Structures are given as C-alpha cells and as structure tokens.
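Student: One-letter residues, chain by chain:
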Amino acid sequence: KAGVTQTPRYLIKTRGQQVTLSCSPISGHRSVSWYQQTPGQGLQFLFEYFSETQRNKGNFPGRFSGRQFSNSRSEMNVSTLELGDSALYLCASSLVVGNTGELFFGEGSRLTVL
Amino acid sequence: GESVGLHLPTLSVQEGDNSIINCAYSNSASDYFIWYKQESGKGPQFIIDIRSNMDKRQGQRVTVLLNKTVKHLSLQIAATQPGDSAVYFCAENWGGGSNYKLTFGKGTLLTVNP
Numbered sequence: 001k002a003g004v005t006q007t008p009r010y011l012i013k014t015r016g017q018q019v020t021l022s023c024s025p026i027s028g029h030r031s032v033s034w035y036q037q038t039p040g041q042g043l044q045f046l047f048e049y050f051s052e053t054q055r056n057k058g059n060f061p062g063r064f065s066g067r068q069f070s071n072s073r074s075e076m077n078v079s080t081l082e083l084g085d086s087a088l089y090l091c092a093s094s095l096v097v098g099n100t101g102e103l104f105f106g107e108g109s110r111l112t113v114l
Numbered sequence: 001g002e003s004v005g006l007h008l009p010t011l012s013v014q015e016g017d018n019s020i021i022n023c024a025y026s027n028s029a030s031d032y033f034i035w036y037k038q039e040s041g042k043g044p045q046f047i048i049d050i051r052s053n054m055d056k057r058q059g060q061r062v063t064v065l066l067n068k069t070v071k072h073l074s075l076q077i078a079a080t081q082p083g084d085s086a087v088y089f090c091a092e093n094w095g096g097g098s099n100y101k102l103t104f105g106k107g108t109l110l111t112v113n114p
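Chains as they are written, first to last, in this note's numbering: chain A, 1 to 114; chain B, 1 to 114.
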C-alpha cells in the first residue's frame, strides 16, 4: 500500500509569490490534514479536510488555504509569501476525521522563501 | 524532558539501554495523547497512543505512561537500538468532531550510541 505522497519535495520561492503544494493520501483515507513544521514553532496544525470539506483549521492567516478533491487528494496554497513561511509542510492522512485515529504523514514539502 | 512549547531537549543513551522520554502537556481537558517519531528527512511516524481513561499502554518495545494528576506523559523504549535515533514528539488532543485541537510538543532528540 503506497504511503502519503507529497509534491514537490523541495521548492524555492521569493517574497510575494504564491505556492501550491499537493498531497495524495493513502488509498481509502478520506481525511487529509496539513501541518507546518519550523525549528522555532515545531509542528503546527493548518487545517483538515474530509470529504472535500474543511472540518477544522488552525490559527494561520487567510493567506493559507486548501482544498480537497473528490479522490481525496488535497492541495494547499500560500499566497503573498513571506520569509517566515519558510518551513516543512507536512500532509497527513487518516481514515477518520477529528484525529481520533492514527495519522500517516508524508515526507513533506520543504519551502524556502527568499 | 520535554514540555509543549519549550526548546528541543536531547537524550543520549547507549545501545541496549532503556530510554525514557518525558512530556508535560498543557491542557487538563486533553483526552487523547500520541507519540510520534521523526527520523531525519522523513515525516513523523505514529508510535503509540493512549486515551485519558488509561494510565499505561504497551506496544512492541514501547510503553506510554500517563499521569493526569501532574499532566505528564512519558515514552519508554526498551533495549534502545541505533534505529531508534530520531526526534520524538508527544501530542495532546482535546475536543472532538470538528472542534478538536491537536497540539504537538517541540520534540526530544534521542541519540543512541553504539
């Protein structure tokens, strides 16, 4: 069974640009969550999607958005990039919504903003 | 040990010894706790979880202990191996449905010396 796949693995952007990251969950998993990981703040929850609907969101500005498609694949977008957005963005999938079960993480997309 | 919100502590052990990684969580209403392991360049990997109605849970070579009185969680790894070298995160969750809040600690770096 394939794991969670995130693309691209690495990318470099400049301030003011936007970026779209993609996540393919484990087959059969309908919940996809996104996290930002930085050395200073650790792992922080961005949002969770289930059945194409955002079910929960963290405390991030509106520049961070996401969506989920009918095949459960998800994308997140960050607009008007800032230097502080440099981070590892992790996607996690699970069978159920609401983190009542095990999260399966991808290897992440490392974003560098110059 | 680790406390959600503090800098990354480190733990160095000899191969074959037992390791204990500590975590102080913040919310007395948290009802679900998870330990994750993150190896360099990879996403976090689920190790073991425990619900607040339990005080101990065992897995393969790992045991999680929960002390709700002092809001303390620990992960014990028996016969630590070089492959156990990684950053270990505890996470606490409270709420349910679409209103859950999952908070990760900053992590503890475990180094196993051969």
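Think of the hints as simulated: they come from the structure by calculation, not from any bench. Accuracy of the hints is not assured; some may be wrong.
Derived coverage of chain B by chain A (criterion: at least 3 residues anywhere in the stretch with Cβ under 8 Å from a Cβ of chain A; other residues may be distant) [unchecked claim]: (1) 37 to 51; (2) 101 to 112.
Taking lysine-lysine and the DSS-like style, the derived pairs with C-alpha atoms no more than 30 Å apart in a straight line are [as the list claims (entries may be wrong)]: (3) A/Lys-57 <-> B/Lys-101; (4) B/Lys-101 <-> B/Lys-71; (5) B/Lys-101 <-> B/Lys-56; (6) B/Lys-56 <-> A/Lys-13; (7) B/Lys-71 <-> B/Lys-56; (8) A/Lys-13 <-> A/Lys-57; (9) B/Lys-42 <-> B/Lys-56; (10) B/Lys-68 <-> A/Lys-57; (11) B/Lys-71 <-> A/Lys-13; (12) B/Lys-68 <-> B/Lys-101; (13) B/Lys-42 <-> B/Lys-101; (14) B/Lys-68 <-> B/Lys-56; (15) B/Lys-42 <-> A/Lys-57.
Computed beta-carbon distance windows for the label pairs [said to hold, decoys possible]: (16) B/Gln-60 <-> A/Arg-63: 20 to 28 Å; (17) B/Ala-78 <-> A/Gly-62: 43 to 51 Å; (18) A/Gln-44 <-> B/Met-54: 39 to 47 Å; (19) B/Gln-14 <-> A/Val-96: 21 to 29 Å; (20) B/Gln-14 <-> A/Gln-17: 45 to 53 Å; (21) B/Gly-83 <-> A/Gln-54: 35 to 43 Å.
In this text the structure is predicted, and so the values were computed from the model without any measurement. Glycine is no exception: its CB is placed at the ideal position from the N, C-alpha and C atoms.
Student: None of the hints should be skipped; say for each whether it holds.
Tutor: Hints, one by one, checked against the model:
1. 37 to 51: holds (count 7)
2. 101 to 112: Held - the segment 101 to 112 of chain B has 7 residues with a Cβ nearer than 8 Å to chain A, which meets the minimum of three.
3. A/Lys-57 <-> B/Lys-101: Judged against 30 Å, a Cα distance of about 9 Å means the pair holds.
4. B/Lys-101 <-> B/Lys-71: holds, 17 Å
5. B/Lys-101 <-> B/Lys-56: At roughly 23 Å apart (the allowed maximum being 30 Å), B/Lys-56 and B/Lys-101 satisfy the hint.
6. B/Lys-56 <-> A/Lys-13: With Cα atoms ~46 Å apart, B/Lys-56 and A/Lys-13 exceed 30 Å; violated.
7. B/Lys-71 <-> B/Lys-56: At roughly 14 Å apart (the allowed maximum being 30 Å), B/Lys-56 and B/Lys-71 satisfy the hint.
8. A/Lys-13 <-> A/Lys-57: holds, 25 Å
9. B/Lys-42 <-> B/Lys-56: Judged against 30 Å, a Cα distance of about 28 Å means the pair holds.
10. B/Lys-68 <-> A/Lys-57: holds, 27 Å
11. B/Lys-71 <-> A/Lys-13: With a Cα-Cα distance of about 41 Å, the restraint between B/Lys-71 and A/Lys-13 is violated, given a limit of 30 Å.
12. B/Lys-68 <-> B/Lys-101: holds, 18 Å
13. B/Lys-42 <-> B/Lys-101: holds, 24 Å
14. B/Lys-68 <-> B/Lys-56: The hint holds at about 11 Å.
15. B/Lys-42 <-> A/Lys-57: It holds: about 24 Å lies between the C-alpha atoms, which stays within 30 Å.
16. B/Gln-60 <-> A/Arg-63: 20 to 28 Å: violated, 42 Å
17. B/Ala-78 <-> A/Gly-62: 43 to 51 Å: holds, 47 Å
18. A/Gln-44 <-> B/Met-54: 39 to 47 Å: violated, 27 Å
19. B/Gln-14 <-> A/Val-96: 21 to 29 Å: Distance hint for B/Gln-14, A/Val-96 is violated at roughly 40 Å.
20. B/Gln-14 <-> A/Gln-17: 45 to 53 Å: holds, 48 Å
21. B/Gly-83 <-> A/Gln-54: 35 to 43 Å: holds, 37 Å
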